[in-house]
Amino acid sequence: MDFTGSHILSIDQFERPDIEHIFRVADAMEPYASRRRVTRVLEGAILGNMFFEPSTRTRVSFGCAFNLLGGEVRETTGFESSAIAKGESLYDTARVLSGYSDVICMRHPQNGSVAEFAEASRVPVINGGDGSNEHPSQALLDLYTIRKEMAAKGKGLNGLRIAMIGDLKHGRTVHSLCRLLALFEGLQVTLVSPAELAMPEYLVELMRRAGHQVVVTDELTASISKVDIAYSTRIQEERFASKQEADLYRGRFRLNQQIYTQFCEPNTVIMHPLPRDSRAEANELDNDLNSNPNLAIFRQTDNGVLVRMALFAMVLDVVEQVDKHAQAVRWYSNR
Amino acid sequence: MDFTGSHILSIDQFERPDIEHIFRVADAMEPYASRRRVTRVLEGAILGNMFFEPSTRTRVSFGCAFNLLGGEVRETTGFESSAIAKGESLYDTARVLSGYSDVICMRHPQNGSVAEFAEASRVPVINGGDGSNEHPSQALLDLYTIRKEMAAKGKGLNGLRIAMIGDLKHGRTVHSLCRLLALFEGLQVTLVSPAELAMPEYLVELMRRAGHQVVVTDELTASISKVDIAYSTRIQEERFASKQEADLYRGRFRLNQQIYTQFCEPNTVIMHPLPRDSRAEANELDNDLNSNPNLAIFRQTDNGVLVRMALFAMVLDVVEQVDKHAQAVRWYSNR
Amino acid sequence: MDFTGSHILSIDQFERPDIEHIFRVADAMEPYASRRRVTRVLEGAILGNMFFEPSTRTRVSFGCAFNLLGGEVRETTGFESSAIAKGESLYDTARVLSGYSDVICMRHPQNGSVAEFAEASRVPVINGGDGSNEHPSQALLDLYTIRKEMAAKGKGLNGLRIAMIGDLKHGRTVHSLCRLLALFEGLQVTLVSPAELAMPEYLVELMRRAGHQVVVTDELTASISKVDIAYSTRIQEERFASKQEADLYRGRFRLNQQIYTQFCEPNTVIMHPLPRDSRAEANELDNDLNSNPNLAIFRQTDNGVLVRMALFAMVLDVVEQVDKHAQAVRWYSNR
Numbered sequence: 075m076d077f078t079g080s081h082i083l084s085i086d087q088f089e090r091p092d093i094e095h096i097f098r099v100a101d102a103m104e105p106y107a108s109r110r111r112v113t114r115v116l117e118g119a120i121l122g123n124m125f126f127e128p129s130t131r132t133r134v135s136f137g138c139a140f141n142l143l144g145g146e147v148r149e150t151t152g153f154e155s156s157a158i159a160k161g162e163s164l165y166d167t168a169r170v171l172s173g174y175s176d177v178i179c180m181r182h183p184q185n186g187s188v189a190e191f192a193e194a195s196r197v198p199v200i201n202g203g204d205g206s207n208e209h210p211s212q213a214l215l216d217l218y219t220i221r222k223e224m225a226a227k228g229k230g231l232n233g234l235r236i237a238m239i240g241d242l243k244h245g246r247t248v249h250s251l252c253r254l255l256a257l258f259e260g261l262q263v264t265l266v267s268p269a270e271l272a273m274p275e276y277l278v279e280l281m282r283r284a285g286h287q288v289v290v291t292d293e294l295t296a297s298i299s300k301v302d303i304a305y306s307t308r309i310q311e312e313r314f315a316s317k318q319e320a321d322l323y324r325g326r327f328r329l330n331q332q333i334y335t336q337f338c339e340p341n342t343v344i345m346h347p348l349p350r351d352s353r354a355e356a357n358e359l360d361n362d363l364n365s366n367p368n369l370a371i372f373r374q375t376d377n378g379v380l381v382r383m384a385l386f387a388m389v390l391d392v393v394e395q396v397d398k399h400a401q402a403v404r405w406y407s408n409r
Numbered sequence: 075m076d077f078t079g080s081h082i083l084s085i086d087q088f089e090r091p092d093i094e095h096i097f098r099v100a101d102a103m104e105p106y107a108s109r110r111r112v113t114r115v116l117e118g119a120i121l122g123n124m125f126f127e128p129s130t131r132t133r134v135s136f137g138c139a140f141n142l143l144g145g146e147v148r149e150t151t152g153f154e155s156s157a158i159a160k161g162e163s164l165y166d167t168a169r170v171l172s173g174y175s176d177v178i179c180m181r182h183p184q185n186g187s188v189a190e191f192a193e194a195s196r197v198p199v200i201n202g203g204d205g206s207n208e209h210p211s212q213a214l215l216d217l218y219t220i221r222k223e224m225a226a227k228g229k230g231l232n233g234l235r236i237a238m239i240g241d242l243k244h245g246r247t248v249h250s251l252c253r254l255l256a257l258f259e260g261l262q263v264t265l266v267s268p269a270e271l272a273m274p275e276y277l278v279e280l281m282r283r284a285g286h287q288v289v290v291t292d293e294l295t296a297s298i299s300k301v302d303i304a305y306s307t308r309i310q311e312e313r314f315a316s317k318q319e320a321d322l323y324r325g326r327f328r329l330n331q332q333i334y335t336q337f338c339e340p341n342t343v344i345m346h347p348l349p350r351d352s353r354a355e356a357n358e359l360d361n362d363l364n365s366n367p368n369l370a371i372f373r374q375t376d377n378g379v380l381v382r383m384a385l386f387a388m389v390l391d392v393v394e395q396v397d398k399h400a401q402a403v404r405w406y407s408n409r
Numbered sequence: 075m076d077f078t079g080s081h082i083l084s085i086d087q088f089e090r091p092d093i094e095h096i097f098r099v100a101d102a103m104e105p106y107a108s109r110r111r112v113t114r115v116l117e118g119a120i121l122g123n124m125f126f127e128p129s130t131r132t133r134v135s136f137g138c139a140f141n142l143l144g145g146e147v148r149e150t151t152g153f154e155s156s157a158i159a160k161g162e163s164l165y166d167t168a169r170v171l172s173g174y175s176d177v178i179c180m181r182h183p184q185n186g187s188v189a190e191f192a193e194a195s196r197v198p199v200i201n202g203g204d205g206s207n208e209h210p211s212q213a214l215l216d217l218y219t220i221r222k223e224m225a226a227k228g229k230g231l232n233g234l235r236i237a238m239i240g241d242l243k244h245g246r247t248v249h250s251l252c253r254l255l256a257l258f259e260g261l262q263v264t265l266v267s268p269a270e271l272a273m274p275e276y277l278v279e280l281m282r283r284a285g286h287q288v289v290v291t292d293e294l295t296a297s298i299s300k301v302d303i304a305y306s307t308r309i310q311e312e313r314f315a316s317k318q319e320a321d322l323y324r325g326r327f328r329l330n331q332q333i334y335t336q337f338c339e340p341n342t343v344i345m346h347p348l349p350r351d352s353r354a355e356a357n358e359l360d361n362d363l364n365s366n367p368n369l370a371i372f373r374q375t376d377n378g379v380l381v382r383m384a385l386f387a388m389v390l391d392v393v394e395q396v397d398k399h400a401q402a403v404r405w406y407s408n409r
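Protein chains in written order, with my numbering: chain A, 75 to 409; chain B, 75 to 409; chain C, 75 to 409.
Pulled out of the complex, with its shape left as it was, chain A reads as follows (with noise of 0.2 Å):
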């Protein structure tokens, strides 16, 4: 695909060149992430960060993402308007907002929002999230992840053993981590789940077409005893009924050093989504992991930085000019 001028607004706009392409030019905005180089390639430019639903994480990342380029960042944290009180619509929003920016990320509570939004946008939107539906950036982040950890150990895609863990009925991030997998070939997933929060059917069709060997169970230290990646994720108890349905499943497939040490081989890589639940009775990902160097948990937030700045570049034509307008950075940096 043609990335100039283009909305991002779910994985299904890709194919596999696109994805390849997206993490090459990820690759190339490492020096200015890990703060050796500084650019100002976007001088003047402004990104329209519309969070309608709070989400501190994802919304200082695509705007750190977009400082770091050089450009400025406008943004709204919530429902602070009452635009859409006095009966604004969505069309309006979008085409106002859109004269202030040169590109917007959005995220809204309703699934489609972010769509429509940018139907009537007359500049570039980048999906954030809309409600249960697609987070095109954090599938990218996941994916990205995943590749530049087998790439550490000297390893492709090809191959790849991956286990799926927790709630994978209502994970949006697993999902599209699924369809991403989908592209590519030869794969064997585990899906580690209560039967009750399985993945979804048509996403396990979805993965056994595309050649995946697929493996369905709710059995955990079976499962990860034979993989490269265990992806663990939180039950979302914000998509059930009561919390106290929630709590049925909380606090199974628990992984903490001991389990990992009895039962993962070495060099398994441990990611998730975030955020963790770190509460005693839920506790996914044990605090003593921690200082497992293949806890990629963070690395995965990092390289989130890294997608997103891709993104930006493609979208406003600049990957070509990053480095023109770049120099070393003067202050302490001791990443």
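Wrong hints could be hidden among the right ones.
Identical chains share a label here; the pair holds if one copy fits it or two copies do between them.
Unchecked claim - For lysine-lysine, the following DSS-like pairs were computed, each having C-alpha atoms within a straight-line distance of at most 30 Å:
no. : residue 1 : residue 2
1   : K300      : K317
2   : K243      : K160
3   : K317      : K160
4   : K160      : K222
5   : K222      : K398
Treat the hints as calculated values from the structure; they're not laboratory data.
All figures in this text were calculated on a predicted structure; none of them were measured in a lab.
Dock chains B and C against the given chain A, drawing on the hints supplied.
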């Protein structure tokens, strides 16, 4: 007036040459707002964008205007602060915040509060709306849009025929627009509203004293049949005693494409201060007008950026220097 | 201490030479804060301005200080995030957010939270206030102001006579100030409060051990008659069991121009950590003092910008380079 270092609190500050001065500077901002050029003239300057009442649209518009001149924006987006709850006076707030920035834009729910704040401030203050009192940049962008739309049709403001429609009793924007129009001569002004929501008599008198021909009516279709501008407004529900009372008037004076085609002259320009109420029960400007090239409502908000850039540049005395610190944009821009 | 890469969590980190070092750097920031010059030394750097409790004044002051050094600010203005509601630990929040910025300023309602956050952070963290515990930049700006006010009168800190007045039991700022003053020698400190709101005994002891002469009293007028500095404070209503209990003390120890003229030496400097409570029932510093040139309360907040610029420049190790990347301001500035 000398704009350098001045507060912009009310349209009553301006005489006709001041308005024309602002509009000339706004015209000169166009290459920057449309992203053909980028200027860094305000590099290092800080706007204190102090919104003590939420307003995404206006807040982002001011912030964006300042960014487009190369400055930085620090802001507040509502009554987050506990300082006022702790008994802090507006005087103290102003003295403190004015130590942090080079210019302040302030919105506040209380009439007169911005002028009180400005008196204590050590930097210029621009009124971003104080209750039902003033919102001078909105009035300026309305008149600027009228001038620009007329110019595009080869006309000037002389002999302008304008209808204002809807809740003319409570609408702050139409009140301000009347006061601005009173600086000009020989206009034909038609005021269309239910009798209960009529334009205040002192404003009708003001326009008549200026030599305008003013017609007061509650008849829509006849009124819009011979005008250059049809300026529609929303029922200001929040100013009524109850929603029920507001509902009595909602949905009167609807304008849609069918009515436009049947009653308006071919080039009648449609304006609205936004937000327009798109709910079925109100719908003062139907969405079927969205593809009508004479619907100028989004050109109004775009023009708002130009007018706000002009105010910042004039108050901070950098008008002459904007172009000196400019370059072409580097990134994709489809505007 | 070596400031490069260090967290700034508590004034207990500092010895006297460190304080003097900070103050020398703050002095050097003056041309930038007063807008005679602009520096871009931190171009490309990002401050994560993480306010998990609202505070317009402190948040904007830190953000402004970072902007004045040329850096960008990403921020959060309250507990918007649902991540913590979803059970995320401070460790995870810190690891994630520290991947987005070069330095973090954090305010949080919970005592000790900022230190816990800093332990997990990969970048330097500056404590912007953690509950009733610490707010080191406030303490520094208070002492910096005292030093500067004394210098303007040709005096040093030696032999300083200071009265602290009001709710000395709950006031975090006066507690911190006492601890800083304990690094110096030979001061005369008068502590004026109702017996029930007296300065904690351990702080009185600390100052006595430092060799200061400390008087504890509930008598205002005698106490302020022979001091260089009268440091007034607000009744910390939120720390009382009830508003009624706080009301018992509100309005005691009021200072106004008439009392000042009658009892104070001509050049006594009046300070207050702000916000001051200007409601009639409290009014600890009357507005009739606003034109008194010895009212230093707004010089305090102005000095806060200098001190915060100094902390950023020292922690990021750019003190020597600030001037190298500087130029004169281009815009109107009346300060």
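Going through the hints against the structure:
Taking the shortest Cα distances, K300 and K317 never come within 30 Å of each other, neither inside one copy (34 Å) nor across copies (63 Å). Taking identical chains as interchangeable, the C-alpha atoms of K243 and K160 lie at most 30 Å apart only when they sit on different chains, with a minimum of 18 Å there against 36 Å within one chain. Taking CA atoms no more than 30 Å apart as the test, K317 paired with K160 passes between copies only; the shortest distance there is 12 Å, against 33 Å inside one copy. When the C-alpha separation of K160 and K222 is checked against a cutoff of 30 Å, the pair qualifies only between copies, where the shortest distance is 28 Å, while the shortest distance within a copy is 47 Å.
In this assembly of identical chains, the alpha carbons of K222 and K398 lie at most 30 Å apart only when taken from the same copy (26 Å versus 39 Å across copies).
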